[in-house]
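Peer 1: Residues per chain, in single letters:
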Amino acid sequence: MNWEYIASIVNSTLRMTTPILLAALGSAICSKVGVFNIALEAQMLIATFFSIVVNYFTRNVYLSVLAGIFSGALIGYIVAVLQVKYRAADMVIGTSMNLLVSGATSFLLYLIFGLRGKLVDSSLVSLPKINLPLIRDIPFLGRMLENLTIIDYLAYVIAILMFIYLYKTVSGFRTLSVGINKEASESLGTKALRIQMSVVTLSGALCGLGGVVLSMGQVTMFTENMTSGRGFIAMAAASLGVSHPLLTIVSSLFFGLCQSIGSALQNVIKSQLTMTLPYIATILALMLSGWRSLKSKNGRSI
Amino acid sequence: MLLEMKHITKEYGTLRANDDVDLSLREGEILAVVGENGAGKSTLMKILYGLEKPTEGDIYINGELQKFRSPHDAMAKKIGMVQQHFMLLQPCTVAENIVYGHEPKKSGIFFDRKRAAAITKELCEKYGLSIDPSLIVSNCPVGLQQRVEILKVLYQDASIIIFDEPSAVLTPQEVGELLKTIKKLASMGKSIIIITHKLSEVMEVADRVMVMRQGKRIKEMAKSETSIEELSFLMVGRHIVERKIPPQETTGTVLDVQDLVLSGSDKKNILDHFSIHVDAGEIVGIAGVSGNGQSELIECITGLTQITSGDILICGKTIVGKTVGERRTAGCACIPEDRYLWGCAKQATLTETSIMAHQREPAISRYGILNTKGIQKFTSGLLERYDVRSGGLSQKTGELSGGNLQKMIVAREIELNSNLLIAAEPTRGVDIGAMEFIHSRLLDKRAKGDAVLLISSELTEIMTLSDRIYVIYDGKVAGEFRKQDATEESLGILMMGGESNEPKAV
Amino acid sequence: MSQKLSNRRITSGLHSAWNTMRQPLIATILGLLVGAVVILACGKNPLSVYAEMFDKSFLKSYYLFSTLTRATPIILCAMATAIAWRAGYINIGVEGQMIIGAFAATVSALFIPGSPILIAIISFIIGMVAGALYALLPAVLTWKFRVSMVICTLMLDYVASYITSYFVTYPLKDVSGDGLALQTAQLDPGMWLPRLTPKNTLHFGFIIAILVVVFMVFITKKTVFGYESKMSGFNPSFARYGGTKQVKVMMITMALSGAIASLAGTVEIFGLKYRYADSMFTSTSYAWTGLMAALIANLNPVGMFFVSIFLAGLQIGGSAIQRSLGIPLEISTIIQCCITLFVSVKLVFNFIKKRKAKSTAAEKGGEKA
Amino acid sequence: GSAKPADTGSESAAPAASSEALPGVGMKIALVCDKVGTQVFLLQMVNGLKEAAAKYGFEYTVAECADSAAFEDNMRALVAENYNLIIGGGWQAGDAINKVATEFPDACDYALIDSEVEAENVKCVSYREQEGAYLIGMLAALTTDGESHVYGAVHVNEGPGSWKWRYGYMEGVLSQDPEATFVFNYVGSYSDPAKAKELAIQQYEQGCVFINSAAAGGDSGTFEAAKEKGFYTSGQDVDLTDPANPYIVTSQIKDTYATMTNLLDLYFSGWNTDDEVWGVKEGTIGAVYVTHDSQNPISDRLTEADIAIAKQAADDIRTGKLDLTNMPTEEEYFASKG
Ligand SMILES: Nc1ncnc2c1ncn2[C@@H]1O[C@H](COP(=O)(O)OP(=O)(O)OP(=O)(O)O)[C@@H](O)[C@H]1O
Ligand SMILES: Nc1ncnc2c1ncn2[C@@H]1O[C@H](COP(=O)(O)OP(=O)(O)OP(=O)(O)O)[C@@H](O)[C@H]1O
Ligand SMILES: [Mg+2]
Ligand SMILES: [Mg+2]
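Protein chains in written order, with the working numbering: chain A, 1 to 302; chain B, 1 to 506; chain C, 1 to 369; chain D, 1 to 338.
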């Protein structure tokens, strides 16, 4: 196995990680305010669609990115209204939103373009790739970091900013307090409902950005259901990262890696079996972290 | 008048929790509101604090009509409330909790935690309340948590402070300090409303007393014009007579705790070579400042926690390693100290809550199949005999007033007819009528020749009911007294970790 | 006398049924309204589309039977979900348990020699045991390692689907025909569950589903176990304090959940498909539809039964309008989702409740004055 | 009871006036298949059906199936709705049509495209895709010209379905480049272009200069990777060569349009229900530039000579000189290779 190949696996891991990381951050921040959001898939998919639609009509990258973020946020807002404000069951909302958006995007694709299945067009503009001038020339590193978009970097910045916001700022503190004890935070005038709703909307925007990087960064097209379960993987990643922004970076990278390694293993093991890898790895990782925290507590049994 | 509430009426469906109540408060005054369980005290305060909207009636501050839509509005008018169930962010620090809502900032957005700690220190000094700002709240004992609540209200610069049953969960020492604090705050110009079931506290701090019954204001008077006897008569509509407890012979040991050790997460033992016994026909009290291992002792005996070493016997048979259910059949009933955590499920109906631990009795179920009729009969019997005021068998447990819920739990455990009854804080939050009632039930149990282990932070309760008293300190038995030998001082010194009842050498 | 009494009982029963059904009904109407807008947007007449949709899902007997056939696994999945959720264990692994259980049952039926009926019964049992074991796995992990039950069961769904996919692609693949389909061989016709109607596919599995509903009602309302697991779901500390063995409740509820989930898959195979085919349970999302039914009906067994039938009917009807009116499948998905979303939101109901409370309060006030 | 479809929606292509003469008037024919959206393969079938409906004057319906259980549901309903001919499109319809045809042998006629089932009364048309894949494999080697001996392929799922492609492709490559080795990867989803792209890039990094794509919705991902990285690739089902992407050097043809129209021609001329397997010879399987022409310019990497070699092979397949009909299973194949 040569170094070039390893570098390319890392490179591909980084690209595969970004949408998962962004959605996982969306999931994490929701659980920080006590909302279980499983409409991540819907929030991502709508963004892949609308970013490409706007891209098609305007050929403008910025507008497309914005369209993606806004459409994701819009779905987030609907989820917020139904789930937070009207307290509908999270599972029902999430499941039917995922289904609804998958149907709606296919339908709209047909309605707007008369197309079925996918929109691929050479006129679509992809996100500019950044090949950093100095790093590009370092052999291994340059190879690892080639062809990443600004959002691939931005995802990590967002994670760090989210960490700073939650743990260092006043309004972050209030946001966290809603998740810790909603009643208490409300008793001192925090508008808990509003915070929860904006956080869920924000998670929509984050997933939206994840969708954008999928449809305009990794590839430049829209195809039906192109998120292919990344929202659920993101949920697992957030859970593995105990909803902490920085740990979520680690767990998302882990999932990205599982996918690349899984593909590499396909030459040896049947693909059906390699595809279980990320899922089994998640369970093992959760077991490990559970076992460690139990061991450190060591105290009373059930 | 600083504050006036006029003609307040509050209806929950058909129930009138408040019925045309008036209340007024002057600056620097301490007003005590007393009344039986479910009289509507908490409801009135929730209205004042903007947590509930009155069905009718108005609130005036300095003669100005107010409309409170939320606690936020009330706070803006300098009304603060120390709620019964603490509104604290448990995993956060004391300082973070106190400054919550008006946090000090660095460069406009960042939370200045250092300043928060400094502010907390200043605040503590100003009001003479000490607490370490960097402690994590969940690690603080209840008394300290309440202090955090008070400091929170003070930091909000409240001039009217409401306390809803602040002493119910405190140790006598903590109560003493609380009352001192309240008086001090009043002397600094704060106006205070306090709800309590402990009339001695009323007599100690209040300037005026308002008595409520069945949602109505019955009477209001200056403290100097009334007495404990009169207040209790007004509250429950009858005289409470002090009871004589006849001495009684004990027969055989029921509970025998031998050399019990429960180790904690660090090196220290939570319970350290702890040995006590309770005989048939006696009430044994455990006195101690809460947090010295009482909760763990109960958990060890009832089987909620596995012990590290030692032995626990009920009627001569060891119960170590047995499950909670097996211990219950072996004859161990328990009135839990936290009624919402262990004692009930708020969403469950009254029937469901009342048959817990009875569910395998023949009247309730046979071969695992529930007997619906039997259950209804059982529950309505309980509610009737123990005077639990409720809206019917299918009411949700969480909607009962605290005192009534307590009565129901006491009823359920006593009806188990077990050899041993562990009664942890059996009268927490109940009115004096109910308290007297619960006490008689405990004494009945003793008279029947059963054993009662009474754990209470209420020293007077322990001293009146117990035949024997152990003092628990730091997980160890710090002393053992017969009823006649125990005095408040001798117990108190041991409870605080003193060596004996001799004054310490300086 | 007794006649009168039973009459009263019936009216009060109807009343409570109305009370529980009112919210879903109103929500359905709202959902249909939104759907109507979508139908209009694609240039069709909502009324005729809806007429066709309901005609071909509930009103005509042929389609009603199809709806019931499709509802069968959904009902069972709803029950499987509910029994665990009631006790506070958020099992979203019903799909995985269904796959593993049904697959195990199929494999046993294919490979154990013997009289078909006997083998069928044995296979059902083996399937249920396999489903139960697959559900116990996350239970044990939650117990021993404090793994999040939600994530763990979700992950095991994927694992189950890929692993069975491997088996039907390679070692156990059917070789009849050109062998392109990823499926096992067909079961011996002697093992097939009997049909209930001659021309339709409605099979004995539906009766099994009804029996499970009855079983659930009995468990939840009438047994100590049901009581204890409900209390564990409300407040585990309270249940433990009352002598309930938490671990036992967890293991039993999860095992029951897995067994019922397995039954959902097994009746589909023995009553309808007659073999295990790759992704037959993932593409149909029976488990997820069942989960929605369970939540919409607030875990009430009888409610879940009807909601499941309703959701199945929407799917059958959606298919029908695509077939005969050329309405894109996406639109029927959209309609289904809108209805589900509105049903799950308690908003309508609460709004009415509040209005009522206000008006009765006002009446009372009026009387006094 | 059975029900007639409401008039409003059924799509009848029959012109009202001259309809009397057409043999299909008054007949109803249905195609039951997956959701058409994702697959050109099905779109072509639908187009073929439309075309035939215009020609014969029958009424037609496309019953799309949202999930695997819907195939049987739809077919049973169509039988109840008195359809004359039900055509299953794709192997996903196989099991359902087999059961329905066995249960209602006289109610209706049945056909199945792209798979073969046991029921006697189902006219099955399936394909020898390996023949097309063989041609693609040859072109792959001819395009690469020994630049690399590692050949890649990105498919949807591993299994007997994709084995036909894999086998044909490998044999085709090996016929031109005996040193060839292969990397195969599977996306595991019909709709994940992003993953397909990453898989293709990784194959490229392993030295593949040609990567065969058969990843359904994922194809566009592979194509994009090809354009970015500069390796060569091929499409499937229809002519996917693209003047804007010169790296798509050919496309494997599986002409379901022709299949559908041929099948209905057979039907209206009174068919027998013997199963048929169509390949290069029948014109439904092939490769762009070899058996099927394209409007798009041919890649510089493929010379006249290259195409001639492939064309010769196609002829050999037609004449039976090169016989790919009897294909080993995956296990047999690798066992024989050692
Ligand atoms: N949200 C509510 N819904 C229905 N009834 C309520 C509600 N809140 C209070 N009540 C009822 O109103 C009455 C008054 O309750 P409240 O809590 O004010 O009593 P209290 O005087 O504080 O009693 P305690 O001494 O037990 O705390 C009780 O009968 C109680 O059951
Ligand atoms: N979910 C609820 N629904 C209806 N009423 C409620 C609910 N929660 C609390 N209440 C009512 O609110 C009233 C006030 O509660 P409060 O916090 O004063 O507790 P409490 O009744 O004094 O109990 P305790 O003394 O045990 O703490 C109670 O009487 C209770 O009946
Ligand atoms: Mg109260
Ligand atoms: Mg109270």
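Think of the hints as simulated: they come from the structure by calculation, not from any bench.
Certain hints may be false.
[Unchecked claim] Covered, in the sense of this in silico footprint (three residues per stretch, anywhere, with C-beta under 8 Å from a C-beta of chain D), are these stretches of chain C:
(1) 61-67
(2) 109-121
(3) 176-182
(4) 273-284
[To be verified] Capping the alpha-carbon separation at 30 Å, the derived lysine-lysine pairs in DSSO-like fashion look like this:
(5) 396(B) x 448(B)
(6) 377(B) x 221(C)
(7) 44(C) x 346(B)
(8) 295(A) x 53(B)
(9) 67(B) x 168(A)
(10) 67(B) x 53(B)
(11) 55(D) x 199(C)
(12) 268(B) x 191(A)
(13) 245(C) x 377(B)
(14) 183(B) x 78(B)
(15) 44(C) x 35(D)
(16) 44(C) x 337(D)
(17) 121(B) x 168(A)
[Stated by the list, open to error] What follows is a set of in silico ranges between Cβ atoms, one per label pair, in the way DEER data are often shown:
(18) 326(B) x 265(A): 31 to 41 Å
(19) 85(B) x 294(A): 47 to 57 Å
(20) 175(D) x 118(C): 50 to 60 Å
(21) 265(A) x 121(C): 35 to 45 Å
(22) 66(A) x 45(C): 52 to 62 Å
(23) 118(C) x 326(B): 35 to 45 Å
(24) 273(D) x 45(C): 52 to 62 Å
(25) 129(A) x 170(C): 19 to 29 Å
(26) 142(B) x 125(C): 53 to 63 Å
(27) 48(C) x 228(D): 29 to 39 Å
(28) 60(A) x 121(D): 39 to 49 Å
(29) 273(D) x 60(A): 21 to 31 Å
(30) 228(D) x 125(C): 50 to 60 Å
(31) 460(B) x 36(A): 30 to 40 Å
The beta carbon of each residue, even a glycine, is placed where N, CA and C say it ideally should be.
Peer 1: Now tell me, hint by hint, if it's right for this structure.
Peer 2: Here is how each hint holds up against the structure:
1. Coverage of a stretch by a chain is defined here by at least three residues with a beta carbon nearer than 8 Å to that chain's beta carbons; for the region 61-67 of chain C and chain D the count is 4, and the condition holds.
2. Coverage of a stretch by a chain is defined here by at least three residues with a beta carbon nearer than 8 Å to that chain's beta carbons; for the region 109-121 of chain C and chain D the count is 0, and the condition is violated.
3. Figure legend: the region 176-182 of chain C, annotated as covered by chain D; annotation consistent (7 residues with Cβ-Cβ distances under 8 Å, at least 3 required).
4. With a threshold of 8 Å between beta carbons, the proposed coverage of the region 273-284 of chain C by chain D holds, since 8 of its residues qualify and at least three are required.
5. For the hint pairing residue 396(B) with residue 448(B), the CA-to-CA distance comes to about 33 Å; that exceeds 30 Å, so the pair is violated.
6. Distance restraint check for residue 377(B) and residue 221(C): the Cα-Cα separation of roughly 17 Å lies within the 30 Å cut-off, and the hinted pair is therefore satisfied.
7. Note on residue 44(C) and residue 346(B): the hinted pairing is violated, with a Cα-Cα distance of about 51 Å set against a maximum of 30 Å.
8. Between residue 295(A) and residue 53(B) the CA atoms are separated by roughly 49 Å; this puts the pair beyond 30 Å, and the hint is violated.
9. At most 30 Å may separate the alpha-carbon atoms for a hinted pair to count; residue 67(B) and residue 168(A) exceed this at roughly 36 Å.
10. Annotation: proposed proximity of residue 67(B) to residue 53(B) holds, straight-line Cα distance about 9 Å (limit 30 Å).
11. For a cut-off of 30 Å, the pair hint linking residue 55(D) to residue 199(C) is broken: about 34 Å separates their Cα positions.
12. Restraint check for residue 268(B) and residue 191(A): not satisfied, since their Cα atoms lie roughly 43 Å apart, outside the 30 Å limit.
13. Between residue 245(C) and residue 377(B) the alpha-carbon distance is near 26 Å, which keeps this suggested pair within the 30 Å criterion.
14. About 19 Å separates the Cα atoms of residue 183(B) and residue 78(B), which keeps this hinted pair within 30 Å; it holds.
15. For the given pair, residue 44(C) sits about 20 Å from residue 35(D) by alpha-carbon distance, which is consistent with the 30 Å threshold.
16. For the hint pairing residue 44(C) with residue 337(D), the CA-to-CA distance comes to about 60 Å; that exceeds 30 Å, so the pair is violated.
17. Taking the CA atoms of residue 121(B) and residue 168(A), the gap is near 21 Å; set against the 30 Å cutoff, the hint holds.
18. Separated by about 51 Å at the C-beta atoms, residue 326(B) and residue 265(A) break the suggested range of 31 to 41 Å.
19. Distance hint for residue 85(B) and residue 294(A): a CB-CB separation of about 30 Å, inconsistent with the stated range 47 to 57 Å.
20. Against the hinted window of 50 to 60 Å, the Cβ-Cβ separation of residue 175(D) and residue 118(C) comes to about 55 Å, which satisfies the hint.
21. Distance hint for residue 265(A) and residue 121(C): a CB-CB separation of about 41 Å, consistent with the stated range 35 to 45 Å.
22. In this structure the hint that residue 66(A) and residue 45(C) lie 52 to 62 Å apart at CB is violated, the actual value being about 37 Å.
23. For the pair residue 118(C) and residue 326(B), the supplied restraint of 35 to 45 Å holds, since their beta-carbon distance comes to about 41 Å.
24. At roughly 40 Å, the beta-carbon separation of residue 273(D) and residue 45(C) lies outside the given 52 to 62 Å, and the hint is violated.
25. One distance hint, 19 to 29 Å for the beta-carbon pair residue 129(A) and residue 170(C), is violated here, with the actual separation near 40 Å.
26. Our hint of 53 to 63 Å for residue 142(B) and residue 125(C) holds, since their Cβ atoms are close to 54 Å apart.
27. For residue 48(C) paired with residue 228(D), a C-beta distance near 50 Å fails the hint of 29 to 39 Å.
28. Taking the beta carbon of each, residue 60(A) and residue 121(D) are about 58 Å apart, not inside 39 to 49 Å as hinted.
29. The given range of 21 to 31 Å is broken by residue 273(D) and residue 60(A), whose C-beta atoms sit roughly 57 Å from each other.
30. At roughly 56 Å, the beta-carbon separation of residue 228(D) and residue 125(C) lies within the given 50 to 60 Å, and the hint holds.
31. The given range of 30 to 40 Å is broken by residue 460(B) and residue 36(A), whose C-beta atoms sit roughly 48 Å from each other.
Of the numbered hints given earlier, the model fails hints 2, 5, 7, 8, 9, 11, 12, 16, 18, 19, 22, 24, 25, 27, 28, 29, 31; all others are met.
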